[in-house]
Amino acid sequence: MGRYIIKRLLMIIPVAIGVTVLIFTIMYFTPGDPATIILGSNASAEQLKQKNAELGLDKGYVQRLADYMGNLILKQDLGKSYMNNRSVSGDIMERFPRTLTIAFFSILIAIVIGIPLGIAAAVNHYKWQDSVAMIVALFGVSMPGFWVALMLVLLFALKLALLPAMGIGDGLRSYILPCIACSFGGLATIARQTRSSMLEVIRADYIVTARAKGQVERVVIYKHALRNALIPVVTDAVTSFGLMLGGALVIETVFSIPGLGVYMVTAINSRDYPAIQGAVVFMSIVFSLVMLLMDLIYAFVDPRIKSQYQKSKRRIGDA
Amino acid sequence: MNEALDSKKETRPETEGETLLSVRDLQVIYTASGQVIRAVNGVSFDLKKGQTLGLVGETGAGKTTIAKSILRILPDPPAKIVGGEVHFEGEDLLKAPVKRMGEIRGKKISMVFQDPMTALNPVLTIGEQIEEVYKLHEKLNHQKAAEKIAEMLEMVGIPSERYNEYPHQFSGGMKQRIVIAMALSCNPDLLLADEPTTALDVTIQAQILDMIYRLKQEHKMSMIMITHDLGVIAEVCDEVAIVYAGEIIEKGSKEEIFDFPTHPYTRGLFNSLPSLNSDETRLKPIPGMPPDASDLPKGCHFNPRCAYATEECRSGRIEMTEVRPGHYCRCIHAADMEAK
Chain A
1 MGRYIIKRLL MIIPVAIGVT VLIFTIMYFT PGDPATIILG SNASAEQLKQ KNAELGLDKG
61 YVQRLADYMG NLILKQDLGK SYMNNRSVSG DIMERFPRTL TIAFFSILIA IVIGIPLGIA
121 AAVNHYKWQD SVAMIVALFG VSMPGFWVAL MLVLLFALKL ALLPAMGIGD GLRSYILPCI
181 ACSFGGLATI ARQTRSSMLE VIRADYIVTA RAKGQVERVV IYKHALRNAL IPVVTDAVTS
241 FGLMLGGALV IETVFSIPGL GVYMVTAINS RDYPAIQGAV VFMSIVFSLV MLLMDLIYAF
301 VDPRIKSQYQ KSKRRIGDA
Chain B
1 MNEALDSKKE TRPETEGETL LSVRDLQVIY TASGQVIRAV NGVSFDLKKG QTLGLVGETG
61 AGKTTIAKSI LRILPDPPAK IVGGEVHFEG EDLLKAPVKR MGEIRGKKIS MVFQDPMTAL
121 NPVLTIGEQI EEVYKLHEKL NHQKAAEKIA EMLEMVGIPS ERYNEYPHQF SGGMKQRIVI
181 AMALSCNPDL LLADEPTTAL DVTIQAQILD MIYRLKQEHK MSMIMITHDL GVIAEVCDEV
241 AIVYAGEIIE KGSKEEIFDF PTHPYTRGLF NSLPSLNSDE TRLKPIPGMP PDASDLPKGC
301 HFNPRCAYAT EECRSGRIEM TEVRPGHYCR CIHAADMEAK
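Order-wise, the sequence lines are chains A and B.
According to the numbering used here, the first sequence holds residues 1 to 319 in order.
According to the numbering used here, the second sequence holds residues 1 to 340 in order.
Rather than coming from a laboratory, the hints here were simulated on the basis of the structure.
All of these numbers come straight from a predicted model, not from anything done at the bench.
We put the CB at the ideal spot given by N, CA and C, even for glycine.
Among these hints, one or two may not hold up.
[As the list claims (entries may be wrong)] Covered stretches of chain A (in silico footprint by chain B; criterion: 3 or more residues with CB under 8 Å from a CB of chain B, positions within the stretch not fixed):
| hint | stretch |
| --- | --- |
| 1 | 206-213 |
| 2 | 223-237 |
| 3 | 299-308 |
[Stated by the list, open to error] Straight-line C-alpha distance at most 25 Å; calculated SDA-like pairs for lysine to any residue:
| hint | chain 1 | residue 1 | chain 2 | residue 2 |
| --- | --- | --- | --- | --- |
| 4 | B | LYS107 | B | GLN143 |
| 5 | B | LYS80 | A | SER131 |
| 6 | A | LYS306 | B | SER160 |
| 7 | B | LYS80 | A | VAL216 |
| 8 | B | LYS108 | A | ILE207 |
| 9 | A | LYS306 | B | HIS168 |
| 10 | B | LYS254 | B | SER272 |
| 11 | A | LYS306 | A | LEU296 |
| 12 | A | LYS223 | B | THR125 |
| 13 | B | LYS254 | B | PRO290 |
| 14 | B | LYS95 | A | GLU217 |
| 15 | A | LYS223 | B | ARG100 |
| 16 | B | LYS95 | A | VAL123 |
| 17 | A | LYS223 | B | SER160 |
| 18 | B | LYS107 | B | ASP210 |
| 19 | B | LYS139 | B | PRO97 |
| 20 | A | LYS127 | B | LYS135 |
| 21 | A | LYS80 | A | PHE29 |
| 22 | B | LYS99 | A | VAL201 |
| 23 | A | LYS223 | B | ARG317 |
| 24 | B | LYS139 | A | TYR222 |
| 25 | B | LYS99 | A | VAL216 |
| 26 | B | LYS107 | A | VAL220 |
| 27 | B | LYS80 | B | ARG317 |
| 28 | B | LYS80 | A | ALA204 |
| 29 | A | LYS223 | B | GLU161 |
| 30 | B | LYS139 | A | GLU217 |
| 31 | B | LYS135 | A | GLU217 |
| 32 | B | LYS107 | A | ILE207 |
| 33 | A | LYS223 | B | GLY102 |
| 34 | B | LYS48 | B | THR118 |
| 35 | B | LYS80 | A | VAL220 |
| 36 | B | LYS107 | B | ILE81 |
| 37 | B | LYS80 | A | GLU217 |
| 38 | B | LYS216 | B | SER171 |
| 39 | B | LYS107 | A | ARG218 |
Chain B with its partners taken away, still in its complex shape (with noise of 0.2 Å):
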């Protein structure tokens, strides 16, 4: 590890426990068309220092929204945050000024996203877009953003000497690595990383999930992995919320939630993985298709694709219960799942 590492790290003062993000009732929607997509319904979650969030959902359950919405990096239009709250360090972000958020994103809280090969952008060199970031937010100058990415860019495994090279010179992976180069220049206290390994080879996604893992640690990040492979969780989480239609609807501790698993949505997830152990010939998928975000179905956005759906669950807004302790889930039958 070089040294500049080195002393970024000990002058963050160890704080785990105290909580970095909060986030309160966050919802989002969509307007396409005349039509309204509520794509994040009423999303409550905590993230204390040093620790990893996994947001696990389908493609389309509003895990990105969400993570785009902290930073206030949505398109508007067609998205809107239309309630709740995102306090960062006791400072609510949604109400922050614009020069105040432009001093977040990239310094505090920065981001890795899920295409690496769109990421970039093709006209600069990777040297330029990641001085972007030291010039932006250190005020350095050429010679010494040079310096520093050149060791941000051996960090994560690229050759100091391609600094001058553009994007489509590299391949995926490696341009994956950049972009985490970019979005951990800074030293930032939260990383979101955006599905970082799903448009990856597999070869290539452990070891970019292994880099990061390591680089997270060093740095003694928070982190909000967001994925839909229950694998990634496993490997990198302490916390893990599941995401369904916009909606938080479940949370707890990794080992709660693949011990325990509550709510008929995250079995069926967990049931759908293959096992090794038994002789199954087929996969166990959900039933049905995701609900249509611009017309949710009510009460429990799950309910016509629930095995234990019964007349309850189809009216009212279902609450988030505590199942175990620090283990919440929003379903009515939480209580009896158990058994089932």
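If we strip away everything but chain A, and leave its shape as in the complex, we get (with noise of 0.2 Å):
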């Protein structure tokens, strides 16, 4: 197992290099000027020109390239930001646990609520329990979130007063709201995967076989059923969290968190090379984490998946 880790941790470097070649070159392409978008419309194109090679736009592509690779692996430096000449790495540092915070929180409040939910609906297959799981997460999937954002701030910051509508000065209450309103997309979908992969699950026939030996049925569920019927729920859940790693972009705008997906839609408006590139890098290697540890999970969850990591150690059963 701890072989495998390494090895899996391994592969994260190869994967951050080609990332970030990628995204150098489409960057590269994309249209827009740095210089005009700094220095605004009325400059000169004297002004431009200096502009340009201050920040070593008028390198050719592998030369560029080049000097960004070479600080990337030789000084772990991201380079400077062009709009406030800030350390890439420190603005993503400083923002990044607040995406982490509300990444994290809304899929604990997704799965906390979710999976039970799920259960419930499964169990009562076709009565009235699981009607009404189905019609919350039909909901769940169909509100945008930005207007339940809204809502939540009309209810509970307009209305009752009770939490602070927008910014972070609040500490974690300030984080209650838009992990609330974050949660309901990946709620409604990990109720969904649940209900149905319980579904399936529970006419197995090793649920007959807990059941004939005398066991209660709320262990049958819960021990026997709900590991077997976790892998399907264990991938969106952790999908959902890598992709919310990324910066959930409308609750972040709604609720005026400065965090990554804020930060990495202003860099990529302002041709902020830089700060783009670092973002995309840096997200490519916590996704890489985060897939990492949705492996992990699959193997604590089911022995079969823990003993393909482990080959060499393998027995296999002789006849």
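The two chains are supplied separately, each in an independent frame; assemble them into the complex guided by the hints.
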């Protein structure tokens, strides 16, 4: 298992390098001129040329790529933002914890509510509990994130004045509404996935075996069925967690939270190459780590998957 | 044989001959997309202590449904027990509260399933799965349970150090042994064996069958053996009941059924066995297909496939008649079948 993890961690290096080259190339070919954006459209050709030279944009593709990769690999330096001249890695590290907080708590809410909802629906298949759970899930997927966010602000911030409407000035309290708003979509998906996966599993022979043993229904469902039904749910939950780590742009915008999503979009709009490249590379590494986490959860949930990771130790049953 | 089991054997008094299980007029339906499928239609039989009853019939005849109804582990929906009584040691299991059923399942009555590949939970070790039975019914702690499990595993021929392994690490035959160990762990009074060898290799079949039979004798259990294999019946059963379209159409002692098969269907079953003594080149199948359980033929359910069917066979319910002492048959022509 340890060897497997180390192998996977090492594999992140070529992925990150590949992503860097790719995003660098894409940015190179993207139309738009940082110098014009920085100096404004009134700047003279002379000024623009000087600014380009200052930013190193007058060099060729190969030279620029080599410079960037050299800085990244040898100095672990993502460069400085064109806009505010601050270190890109510093900015990312400042903003990432906010995005992480939102992603973590939203997915937590989605799991804690979505899984029991899906189980209740599956266990009471075709009964009213099933219909209620699925209607809730349908609302969850159908409501646009920004609308949910605005409604929450209206109710909890304006009418009841319980929670802050925007910003991050109130510590963790400021994150409550963004997390709830952000959790709706994932909650609905997880509930639906849990339901369909559980429906398949509770018809399985080993569930009948568990009942034939005299096991109480609650244990049959939570111990025997749920773990077997969990793999597709883990896939869903962890993937949406990974995506949320890339920044929940809509939620960050509505609640004015300076997270990674807003940072990226601002950087793209102003052709801030170092910021864009830095953020993308950082996210590719984070996403690779999240995928590794997903595979480790798989192994934890299902011993058959675990045994694939430790092939050398595997013991095959004799006939 | 180990001590624990010896002591258990002693506690069970010699009560052979007493009725252990008595099923009366059991009726089960399945509802699927508005259609009602009558899977079991008024099945009645008795099982004496220490005896083995064989339920024989084609796939879909309702054998497994009968067994699962006894334990009340049919999936509801779509299955529903709509009538009848199942008396086990004088108690009607169909009326017993859920909690009481939990005490009976696995402790008094346990079941071995058809497909060992899917009968064990893939995410739990075999030890954990057997341990549950001990924790539920004998309230043993982890340590005590582990000792018992080791004994049980050794008894079915699995090295006890493989206690902590998962089902995927065992072969099919071994999994079936584990299922059997699990079923027998609380020394039940009645074992329901649902085609325990059908999914296995022929060479393993004999081993498993021998083992079930040996353990049954050692533990003085009663057993219901469900099968479509007459060879299995010949080997392990005392009594035989032939099931067709959710009804028992013939029942009696093994010797009676094998020596004097009376119902045309039973005769068809025996005729379809290849004989080594004659020079036949083709098998003799029973013509036609098993009936559609959502639309059973009127009268005798076998009449469309029966060579002896007459007008009377096509209406009304055919009752069981005693054709020879202790040998019952659900056929109007039973009396004159002997001549044919």
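Enumerated hints in conflict with the structure, sorted upward: 20, 23, 34
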